[in-house]
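Asker: Sequence:
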Amino acid sequence: MAGLQPKLKMRLGDLLVHENIISEAQLQQALDAQKQSGRKLGHTLVDLGLVKEVQLLEFLSQQLKVPLIDISQRNLDANAVKQLPEVQARRHRALVLEEHPDHLLVGMSDPADLAAMDALSSILAKPIKVAVVKESQLFSAFDRHYRRTEDIASFAQELASEHSESDEFDFADLATEGGDTAVARLLKSIFEDAVQMQASDIHIEPDEDTLRIRLRVDGVLQESLIKERNIASALVLRLKLMSGLDISEKRLPQDGRTHIKVKGHSIDVRLSTMPVQHGESVVMRLLDQSAGLLSLNETGMPGAMLDRFRHLLHRPHGMVLVTGPTGSGKTTTLYGALSELNQPGVKIITVEDPVEYRLPRINQVQTNNKIGLTFSSILRTTLRQDPDIIMVGEMRDNETAEIGLRGALTGHLVLSTLHTNDAISSAIRLLDMGAPGYLVATSLRAIVAQRLVRRLCEKCSENYQPSQEEVFWLGGLSDDIGQISFKQGRGCDNCNNTGYRGRIGVFELLEMTDAMMNALKSDDTSAFSQIAKASPGYHPLARSALAYARQGVTSVEEVLKLVEMVAEQQTGEAG
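At position 146 of the sequence shown (counting the first as 1) the number is 145 in numbering that gives the first Met the number 0, and the numbers step up by one without a gap.
No lab work stands behind these hints, which were simulated from the structure alone. Be aware that a few hints might be false.
Stated by the list, open to error - Below, computed lysine-lysine pairings styled on DSBU-like, alpha-carbon distance capped at 30 Å: (1) Lys486 to Lys133; (2) Lys125 to Lys64; (3) Lys249 to Lys226; (4) Lys226 to Lys187; (5) Lys128 to Lys39; (6) Lys262 to Lys34; (7) Lys346 to Lys369; (8) Lys81 to Lys125; (9) Lys34 to Lys133; (10) Lys520 to Lys128; (11) Lys81 to Lys128; (12) Lys81 to Lys64; (13) Lys39 to Lys369; (14) Lys81 to Lys260; (15) Lys187 to Lys249; (16) Lys39 to Lys51; (17) Lys262 to Lys458; (18) Lys64 to Lys51; (19) Lys51 to Lys34; (20) Lys64 to Lys458; (21) Lys260 to Lys249; (22) Lys262 to Lys187; (23) Lys39 to Lys133; (24) Lys64 to Lys128; (25) Lys187 to Lys81; (26) Lys520 to Lys486; (27) Lys458 to Lys560; (28) Lys560 to Lys486; (29) Lys369 to Lys249; (30) Lys81 to Lys39; (31) Lys532 to Lys51; (32) Lys260 to Lys226; (33) Lys262 to Lys133; (34) Lys458 to Lys81; (35) Lys187 to Lys260; (36) Lys532 to Lys520.
Every value quoted in this text rests on a predicted model; they were computed, and no experiment measured them.
Kindly produce the complete structure, drawing on both the sequences and the hints.
Answerer: Laid out in structure tokens, this is it:
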């Protein structure tokens, strides 16, 4: 135990009473609660609100004469961290922060835990010195640094050794205990890694010599390579079985769905397979049902716009569209709206493909084109079910759009989505789909367009001076670009060295006016666009993103990316 710091000479509870931080009665209350929960006394005191976590950690730091370290501000050495196995790190709430020639610096949430100190000293190769660390920061660091990449590589090698070098996977092998177990362990590690990284999608892509596994985190793909290319067919086969797909069909794309539980999370998995040059590509969309739905307050919609949007949602009839490309957060916004509208006195029916989140009291119907259960056929029946509110997953064709618009005209609130570029082009898109101009004008109440931009990491954001080129491109959005103080992320352990952590929605809201309605009735799309752009309440997506950049929420890079994306899509639509 060489190198250990001085220990407490009194028990923690007695010492806190001695220093008048808590009373004898509070100590007894905590000890009684501790007997019930089995947690450590320090954690119990914090849970009961008798001591603040920071206050307790500062106290331990002073008494033990050890530093109190904020590890979210540090870039930890992965090799140093891995000297302590994950199981032991989580069990003892400890993390190797630094390696020095003669000792290791270990962060602990409870450095007064002598049993943990003894265990760590026997496991680690060098003497240890201890620092105090917040438990919440330790858990975040565990998830970042003990990723499953090594397990994935190990299980891939094990699986590859069980099968021939051929790309063909023997179906009989799946029934053998060894083969089945190896595939299951590999997939379990892939899913665990995705959940730890808070990935929205998993891509499994066979190449000529390698197998790529890519996770989409905050909208950006992160890649891992597996050299055992021949295991691809085994993975795809197991995933097809899990999702109820035809395992003998490799020539055609297939879509399926399954449900898994990973690390305490209940995950719905939407799976899509597609034949590619070197096998079958699989993409899985992960929907964390245990995370709960975001409320409208959490979407990032600005306060004034949110008030207007809520007012529209509580009108008795009319259509409200939410638009944007795949992955822009449309579903989150719609479900947030449904959660607010979901009251005992209101009947809500949804028509979806697929049903993504299951909500109580709401009648949710999933389409099935194979048996003729299409959006339009369900929507006709829905109107005879006496609903107050109808949510249509997507306006995909003229028939669905026209039925939805007529439903909005006949006393229903209709919510739906369109895969269009912005709010203005959405109304024009309805006309292009064949909906009569008078019907669009009288039924459509408002359109919300949205995108997701990455949030700057709060731990490492710093001031940023944009380049002349960036100032030029931003100049079209505001006249005071030169006076704005921008920020960008430096990259740290908290954000996996990306400079970003999480995403936030960027919105534009277009409410229909009499002038816009008249233009739509006349099928005058040019006049409609001009009137909409001049509307005083209309602020384009890029300006909304710039507002977040002003506040230091996002970066110039993200604003310019959005400007470029919108410009390219508008050019494509014009072409």
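Asker: Look at each hint and say if it fits the structure.
Answerer: Against the structure, the hints come out as follows:
For the suggested pair Lys486 and Lys133, the alpha carbons sit about 27 Å apart, so the restraint of at most 30 Å is met. At most 30 Å may separate the alpha-carbon atoms for a hinted pair to count; Lys125 and Lys64 meet this at roughly 20 Å. Between Lys249 and Lys226, the direct Cα distance comes to roughly 22 Å. Compliance with the 30 Å bound is thereby established for this hinted pair. Our distance criterion of 30 Å between C-alpha atoms is met by Lys226 and Lys187, whose separation comes to about 19 Å.
As the CA atoms of Lys128 and Lys39 are separated by approximately 22 Å, the hinted pair is consistent with the 30 Å bound. Among the hinted pairs, Lys262 with Lys34 is consistent with the structure: their alpha-carbon atoms are about 27 Å apart, no more than 30 Å. Of the supplied pair hints, the one linking Lys346 and Lys369 holds, its CA atoms being roughly 28 Å apart against a limit of 30 Å. Taking the CA atoms of Lys81 and Lys125, the gap is about 14 Å. The hint holds against a cut of 30 Å.
For the suggested pair Lys34 and Lys133, the alpha carbons sit about 23 Å apart, so the restraint of at most 30 Å is met. Between Lys520 and Lys128, the direct Cα distance comes to roughly 76 Å. Violation of the 30 Å bound is thereby established for this hinted pair. The hinted pair formed by Lys81 and Lys128 meets the criterion: a straight-line CA distance of about 17 Å does not exceed 30 Å. Taken as a hint, the Lys81 and Lys64 pair is honoured in the structure, with Cα atoms around 26 Å apart against an allowance of 30 Å.
A threshold of 30 Å between alpha carbons decides the hint, and for Lys39 with Lys369 the separation of about 57 Å lies outside it, so the pair is violated. The hinted pair formed by Lys81 and Lys260 meets the criterion: a straight-line CA distance of about 26 Å does not exceed 30 Å. A C-alpha spacing of about 24 Å is found between Lys187 and Lys249, which places the hinted pair at or below 30 Å, so the restraint holds. As the CA atoms of Lys39 and Lys51 are separated by approximately 15 Å, the hinted pair is consistent with the 30 Å bound.
The suggested pairing of Lys262 with Lys458 holds, with an alpha-carbon distance near 26 Å, which does not exceed 30 Å. For the proposed pair Lys64 and Lys51, the alpha carbon gap of about 20 Å is at most 30 Å, so the pair holds. For the hint pairing Lys51 with Lys34, the CA-to-CA distance comes to about 21 Å; that is within 30 Å, so the pair holds. At roughly 26 Å between alpha-carbon atoms, Lys64 and Lys458 fall within 30 Å of each other, so this suggested pair holds.
Restraint check for Lys260 and Lys249: the C-alpha separation of about 28 Å stays at or below 30 Å, so the hint holds. The straight-line distance between the Cα atoms of Lys262 and Lys187 is roughly 10 Å, inside the 30 Å bound, and the hint therefore holds. Taken as a hint, the Lys39 and Lys133 pair is honoured in the structure, with Cα atoms around 14 Å apart against an allowance of 30 Å. For the proposed pair Lys64 and Lys128, the alpha carbon gap of about 11 Å is at most 30 Å, so the pair holds.
About 21 Å separates the Cα atoms of Lys187 and Lys81, which keeps this hinted pair within 30 Å; it holds. With a C-alpha separation of about 46 Å, the suggested pair Lys520 and Lys486 falls outside the 30 Å cut-off, and the hint is violated. Taken as a hint, the Lys458 and Lys560 pair is honoured in the structure, with Cα atoms around 23 Å apart against an allowance of 30 Å. Note on Lys560 and Lys486: the hinted pairing holds, with a Cα-Cα distance of about 16 Å set against a maximum of 30 Å.
For the given pair, Lys369 sits about 20 Å from Lys249 by alpha-carbon distance, which is consistent with the 30 Å threshold. Distance check on the hinted pair: Lys81 and Lys39 sit about 26 Å apart at the alpha-carbon level, within 30 Å; holds. Pair hint Lys532 plus Lys51 does not hold up; C-alpha atoms about 52 Å apart against a cutoff of 30 Å. Restraint check for Lys260 and Lys226: the C-alpha separation of about 28 Å stays at or below 30 Å, so the hint holds.
Distance restraint check for Lys262 and Lys133: the Cα-Cα separation of roughly 21 Å lies within the 30 Å cut-off, and the hinted pair is therefore satisfied. About 23 Å separates the Cα atoms of Lys458 and Lys81, which keeps this hinted pair within 30 Å; it holds. A distance of roughly 10 Å separates the Cα atoms of Lys187 and Lys260; the hinted pair therefore holds under the 30 Å criterion. A distance of roughly 18 Å separates the Cα atoms of Lys532 and Lys520; the hinted pair therefore holds under the 30 Å criterion.
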